[in-house]
Amino acid sequence: MKKSVRNLLLVFASLAFVLALLLLGALQRQGRLQQTCTGLQVEFADDYNFVTEDDVKGYLERFYGPYVGQRVDSVNLSRIERILDVQSAVLKSEAYMRGDVLNIRITQRMPVVRFQKGGSGFYVDARGCVFPLQGNFTSLVPVIDGNVPVFYQEGYKGMLEDGKEAAWIQDVLAMVGYMTAHRLWAENIVQISVDGNGDLVLVPREGKEKFVFGSPGGYEKKFARIERYYQYIRPQKEYSTVNVKYDGQIICKN
Numbered sequence: 001m002k003k004s005v006r007n008l009l010l011v012f013a014s015l016a017f018v019l020a021l022l023l024l025g026a027l028q029r030q031g032r033l034q035q036t037c038t039g040l041q042v043e044f045a046d047d048y049n050f051v052t053e054d055d056v057k058g059y060l061e062r063f064y065g066p067y068v069g070q071r072v073d074s075v076n077l078s079r080i081e082r083i084l085d086v087q088s089a090v091l092k093s094e095a096y097m098r099g100d101v102l103n104i105r106i107t108q109r110m111p112v113v114r115f116q117k118g119g120s121g122f123y124v125d126a127r128g129c130v131f132p133l134q135g136n137f138t139s140l141v142p143v144i145d146g147n148v149p150v151f152y153q154e155g156y157k158g159m160l161e162d163g164k165e166a167a168w169i170q171d172v173l174a175m176v177g178y179m180t181a182h183r184l185w186a187e188n189i190v191q192i193s194v195d196g197n198g199d200l201v202l203v204p205r206e207g208k209e210k211f212v213f214g215s216p217g218g219y220e221k222k223f224a225r226i227e228r229y230y231q232y233i234r235p236q237k238e239y240s241t242v243n244v245k246y247d248g249q250i251i252c253k254n
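So in our numbering the end of the sequence shown lands on 254, straight run, no missing numbers.
Fair warning: there could be bad hints in the mix.
Stated by the list, open to error - Simulated crosslink set (DSS-like; lysine-lysine; CA at most 30 Å straight-line): (1) 221 to 253; (2) 92 to 208; (3) 164 to 221.
Said to hold, decoys possible - If you anchor each label on the Cβ, the simulated ranges turn out as follows: (4) 197 to 62: 40 to 46 Å; (5) 158 to 64: 19 to 25 Å; (6) 41 to 157: 24 to 30 Å; (7) 171 to 233: 44 to 50 Å; (8) 163 to 208: 34 to 40 Å; (9) 161 to 236: 45 to 51 Å; (10) 58 to 251: 50 to 56 Å; (11) 129 to 231: 37 to 43 Å.
No lab work stands behind these hints: they were computed from the structure. Idealized CB from N, CA, C, for every residue including glycine.
All chains, full assembly: derive it from the sequences and hints.
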């Protein structure tokens, strides 16, 4: 076979291969255009149970509408993410199609402190973002109750707009972080309340003492004063109220 004929055959074979690939791609695209969503798969990035798969289905049914039966290329993934991201316990969502199944990955908010004020309450995460208590799940985190100096509108999710309230929350987060990092306090402080004067009051697991802590600021020195009370004062006499909110003072009352 002449070299020129052989080269011509190679060119035709290459063109036929390229055309076959183009045709295959077109058929695949056409098939995808005709493919419809057949179901939902929900995955959670953590072990919290604030949000369930049924919750996700409910959010989509209420705010998005039918997705099963919708063309795969028509499922509005960004809209689905926006719908889920505004739900109170959802930190971030990711929506994507895998074949003909809508997949959603949910990352939930991680509460650090729970505040209880009268008949209502709310969680706060490490950033200071507040979100409502959830009926599905109760997280085992420190609880602060009483006259919490935060105006909370039931169902609100987000950062507090009042600067004074936001600063108080940040100070509480720092104090609670210190407590949980130190075994002595994490195991022995079982209740934290805010009294009528706005002072934090700490109640230990054992004994009759109530420690008047004052504001959450200056917590390291205040915990040091509580420790000195246990070392030098309590062995001699036990008191019912111990005020440690003033620098350099431990004020004890029966």
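### Message
Need the list of violated hint numbers for this structure, in ascending order.
### Response
2, 7
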